[in-house]
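The whole structure should be built from the sequences, with the hints applied where relevant.
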Amino acid sequence: MKKSKKQEISNDLSNGNNGVIFFAYNNEQIDYIRLAVLAASAVKKHMKNNQTCLITDKSSLDWNSKSMTSNVLDKAFDHIITEEPEHKTNIRKFYDSPWATFECQFENWNKNDVIKLTPFDKTLMLDVDFLVNNNLLDIAFGIDEPLMLYTDAIT
Numbered sequence: 131m132k133k134s135k136k137q138e139i140s141n142d143l144s145n146g147n148n149g150v151i152f153f154a155y156n157n158e159q160i161d162y163i164r165l166a167v168l169a170a171s172a173v174k175k176h177m178k179n180n181q182t183c184l185i186t187d188k189s190s191l192d193w194n195s196k197s198m199t200s201n202v203l204d205k206a207f208d209h210i211i212t213e214e215p216e217h218k219t220n221i222r223k224f225y226d227s228p229w230a231t232f233e234c235q236f237e238n239w240n241k242n243d244v245i246k247l248t249p250f251d252k253t254l255m256l257d258v259d260f261l262v263n264n265n266l267l268d269i270a271f272g273i274d275e276p277l278m279l280y281t282d283a284i285t
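According to my numbering, the sequence shown holds residues 131 to 285 in order.
One should not assume that every hint holds.
Stated by the list, open to error - Taking lysine to aspartate or glutamate and the EDC-like style, the derived pairs with C-alpha atoms no more than 20 Å apart in a straight line are:
1. K174 - D204
2. K188 - E213
3. K252 - E275
4. K241 - D282
5. K223 - D259
6. K223 - E237
7. K241 - D251
8. K223 - E233
9. K178 - D274
10. K218 - E158
11. K246 - D208
12. K252 - D268
13. K205 - D192
14. K178 - D257
15. K205 - D257
16. K188 - D204
17. K174 - D257
18. K188 - E237
19. K205 - D259
20. K188 - D161
21. K188 - D243
22. K174 - D268
23. K174 - D259
24. K196 - D161
25. K241 - D259
26. K175 - D259
27. K218 - D243
Unchecked claim - Here are the computed distance ranges between Cβ atoms for each label pair:
28. K188 - D274: 32 to 38 Å
29. K175 - G146: 15 to 21 Å
30. K196 - K175: 23 to 29 Å
31. W229 - N264: 29 to 35 Å
32. W229 - G146: 44 to 50 Å
Worth flagging that the hints you see were computed from the coordinates, not collected in a lab.
Note that CB positions come from ideal geometry on N, CA and C, so glycine has one too.
Structure follows, in structure tokens:
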């Protein structure tokens with residue numbers, strides 16, 4: 131991976147107003163907010179920069195108010211932002227196991243709005259199916275760059 135300039139890494143990893151954001155829009159099959167609660171709980175357990183924010187829509191929050199207590203959401207998230215994304219048809223094939231698949235709507239059109247929606251000065255955006263198991267990602271908050279993207283993922 132080529133870098134156009136040397137990245138400056140600060141030794142100060144104090145949490146200040148740093149945090150982790152999750153986008154979660156439920157569909158008919160998958161409770162993404164429940165997944166986000168698990169992912170945010172792992173961030174709170176393992177990272178020093180462990181403020182968390184959930185960005186979701188009203189219908190997903192309404193569903194979750196029936197499936198879990200508000201105390202669960204309050205414990206997992208320091209901020210909850212409701213944002214109604216533009217709904218476009220985006221049918222994805224989900225692999226439930228090597229033997230079972232299903233197709234369902236997937237919402238993520240507004241992830242590029244993270245910079246204007248974040249309540250944090252420095253933000254790490256994670257997918258809800260990414261579970262943090264150590265504090266290695268805290269180093270991202272010590273890098274002095276306005277925007278960082280991981281571009282070499284192999285799936």
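Regarding the pair K174 and D259, is the alpha-carbon distance no greater than 20 Å?
-> This hinted pair holds, its Cα atoms lying about 15 Å apart.
Decide if the proposed pair is consistent with the structure: K205 and D257, CA atoms, cutoff 20 Å inclusive.
-> Roughly 19 Å between the alpha carbons, so the hint for K205 and D257 holds.
Distance restraint between K223 and E237, which requires alpha-carbon spacing of 20 Å or less | holds, 13 Å
Hint consistency between K218 and E158 [alpha-carbon to alpha-carbon, up to 20 Å] | Holds, because 15 Å separates the two Cα atoms, which is no more than 20 Å.
Distance restraint between K241 and D282, which requires alpha-carbon spacing of 20 Å or less | It holds: about 19 Å lies between the C-alpha atoms, which stays within 20 Å.
Straight-line alpha-carbon gap K175 to D259, limit 20 Å | Holds. K175 to D259 sits at ~16 Å (cutoff 20 Å).
Are K188 and D204 close enough, with their CA atoms no more than 20 Å apart?
-> holds, 16 Å
Is it true that the CA of K241 sits at most 20 Å from the CA of D251?
-> holds, 17 Å
Given the hint of 29 to 35 Å, check if W229 and N264 actually sit that far apart at their C-beta atoms.
-> holds, 32 Å
Below or equal to 20 Å on CA atoms is what counts here, so check K174 against D257.
-> holds, 15 Å
Measure nothing beyond the straight line between the CA atoms of K188 and D243; if it is 20 Å or shorter, mark the hint as holding.
-> holds, 17 Å
Between K178 and D257, does the CA-CA distance stay at or below 20 Å?
-> holds, 19 Å
In the structure shown, no violation is registered for any of the earlier numbered hints.
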